[in-house]
Amino acid sequence: MKKRIAGIVLALALSASTLAGCGGTGGTSQTSAETAAAETAAKTEGAGGEKTFVFGDTTFNAENDESTINPHEGYSGWACIRYGVGETLFQLDDDMNLQPWIGESYENVDDTTWKLKIKDGVTFSNGNPCDGEAVKACLEDLVKTHERAAGDLKIASIDVNGNELTIKTSEPNPVLFNYLAEPYGCIIDVSAGVTPEGMVIGTGPYVAKELVTDDHLLLEKNPNYWNGDVNVDKITVRTISDGDTLALALQSGEIDAAYGMAYKSYPLFTNDNYTFSSTATSRSFYCQFNFNSPVCSDGAVRKAMAMGIDKEGFVKTLLQGYGYVGKGAFPDTLSYGGQNVNTESYDPEGAKKVLEDAGWVDSDGDGIREKDGQKLSVRWLTYPSRQELPLLAQSAQATLKDIGIDIQINSTADHNTICKDQSQWDVYVGANVNAGLGDPANFFSTHCLDSSTKNRGSYHNDNLEKLAKELEDTFNKDERGKLAIEMQQQILDDHAFIFCSFLKMSMISRKGVTGITAHPCDFYELTADLDVN
Amino acid sequence: MKHYAVCRLLQLLPILFAITFMSFAMMRVAGSDVVEQKIENRGNAVSQEVVDAAREELGLDKPFLTQYFTWLGKMLHGDMGTSYVSGKPVFQTFLTKLPGTLLLTATSILLTIVLSIPLGILAAVRQNRITDYIIRVFSFIGNSMPNFFVALLLMYFFSIRLGLFPVISTGTSMKSVFLPTLTLAIAMSAKYLRQVRATILDELSKEYVAGAKARGIKFSVTLFRSVLKASLVTIVTLLTLSIGSLLGGTAIVESIFMWDGVGKMAVDAISMRDYPIIQAYVMWMAIIYVVVNLITDLSYRYLDPRIRLGGMKQ
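Chains as they are written, first to last, in the working numbering: chain U, 523 to 1055; chain G, 410 to 723.
Treat the hints with care, since some could be wrong.
To be verified - Distance condition first, Cα-Cα at most 20 Å in a straight line; then the derived SDA-like pairs of lysine to any residue:
id, chain 1, residue 1, chain 2, residue 2
1, U, K875, U, D832
2, U, K666, G, M692
3, U, K976, G, V546
To be verified - A few chain U positions that, by computed beta-carbon distances, are all more than 12 Å from chain G:
id, residue
4, K573
5, D681
6, P718
7, E742
Honestly, the hints are just simulated from the structure, not real lab data.
All of these numbers come straight from a predicted model, not from anything done at the bench.
Note that beta-carbon positions come from the ideal geometry of N, C-alpha and C, so glycine has one too.
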């Protein structure tokens, strides 16, 4: 009898614990979320009335080349600037124009000479002045140690006179100051050195106190901040690589705000307890055609594909509205963006006609068109590490099938090796930040020209090459914009690319957090404006 | 016995050579490298010069065999190299991850023993009765649910609903280890309690049990002094194999709970093609399995007198 009772008690205990784990209704869940938020709010006024803030980020890790916060190392400058340790000479505003930050103004003297004025009264967090000499020392160390900076900046020499610097470049570089707004351009006190963990002294509102790569970064308020008051006393940036964990951590109140949330988790936070800050970025999801492919070398096929992909449906349904439909290579928020160009819109009937006129017909009734014995089967090469790309592949596969194009998806981490062999793919679908520094040149020079390393499909157009040369030598911003529009129209007319959508970058914070705003360039996250109430 | 143990340990050398060579080769077959992976993760285009310089710096521009033997040569001199991704020494990185994995292994195994052995015995003793059915149903559910799903359920219940444990592990504290431990123990217990039940039932069907009953010996005495003892070899084999796999880390559980162990380190290294870390992990796994299997074999001699006596007769 005793054995039987013990068995029943044990079984009931196990049932209760399992069912409790599975159970839950919307009503009680809401109450728990509110309780968690209230507890977090209580936490923010910690010992001695200190305000604390915990930020969860999926991207702050060694895999993204952000092992440290030393801007002179890989992409670690992103962590330096995002978490408010470092600041650059100029910053990009919402329209991606340069605005003064540590620098006051700059002037282009001739093709290779620039004059830069540093603001008076800027100090590093250790109290040292951030003057002309300090900026010179930082930039010299940058071009000496950083693998990309020397090639981007082309700095030949720097002369200092008080807070005025004269920078000479080895060749004309119209976008020198755009590059100096790149996170590697954070001005750090090189005389203070770099700790073994990779922490540096910057001019930002926060000072790094502890760094464990792939785990966390502890920040404290900069007592010597030169640019106003800082509201939050202590910040912990937590690296949370798993999207579900990030969502649960925000729900439980363990973190106050999150960056890098998966689209599928967004509905959990679309209520009054949380705030979304979203903005369009220039990270595009694009199709790049292989001009040596047996099917995509046919302009009609490329045009039909441009008409057969339902960009609107992809963004609305699969990205749950957290994206922007693409037209040109750049988003509409930029003066030279997609609003200035013309391209095909979603038109399945028009696409069918284009294919039929070009001789692609479904003669065997299997729903896929053929021409000269060649099936209209397109090998779609993409990769899974960007969550949007496999979704785009599935969306395109469905809509293109309706117009008689069979899409064979190859979503693989090995896409870089495969795309080197043009016989193995017809269209490459990837993601790229097309105007991360507010200037259009980089996209064309890396993806569209004969000399481009990412011109995977061997696309060539004489006019585009001519325009690119012109862009290289043009210093005037408006003129550069005009050229960028002309170049975009050229690649769209050739149907060399389809720009499907742009990333809408979002940060989600709990109720009571203010001053955390998404920026189109994706560089600025934790600023002096951040506050917790 | 010493001779046997030394021979088994010496077998490690060719095993280590073969598997490190194979893992090095398989990584090459998988394509891509750490430089490409980093560029892809950033999503920014960089010039070919930058890519070539990065490859040259890491020695990735050299032929496969040169790369392997360079690594092997350094390894034989006690230098495991530096991580291509973090730039930190591999040995030091490995040592920082090990305490987390050891703690999680110990707690998971302990909880598995606590759950699976009593429940397995109870199910066997109460065979085909309501207790047995209930335990088997829970075992079936536990086996059916993947680890990540159990982890998310537990997080939801214990962290969001009850607020008892953190979602994100903060160091290797007991509070942080509870949920990952429970996640692993549920899956392992679900599997092992069925095997414990089957082993006990097998023993209970033997003639010596019927004989003991006929002689009027209490069932509990037969169960704990004879049946359990005879079942120990099977149970120990199962548990030691689990220790082996747990010491290799549990990538999914570690990733979900942000538990800083070797499993997550290995998966991250594979996705980034961080060869020095992968090689260290492969060596660690080989050593674990050889040593754990050796300890298991040796323990049989103590646990089961029949094996010991059989050995003496030979």
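So, going through the hints one by one against the coordinates:
1. Under the criterion of a C-alpha separation no larger than 20 Å, the hint pairing K875/U with D832/U is consistent with the structure, at around 17 Å.
2. For the hint linking K666/U to M692/G, the alpha-carbon distance of about 38 Å lies beyond 20 Å, and the restraint is violated.
3. Using a Cα cut-off of 20 Å, the hinted pair K976/U and V546/G is violated, with the two alpha carbons roughly 56 Å apart.
4. For K573/U, the non-interface assignment is confirmed: its Cβ lies about 20 Å from the closest Cβ of chain G, beyond the 12 Å cut-off.
5. The Cβ of D681/U sits about 28 Å from the closest Cβ of chain G, beyond the 12 Å cut-off, so the non-interface label holds.
6. Interface exclusion of P718/U from chain G breaks down, the closest Cβ pair being 10 Å apart, not more than 12 Å.
7. Residue-level check passed: E742/U sits 18 Å from the nearest beta carbon of chain G, beyond 12 Å.
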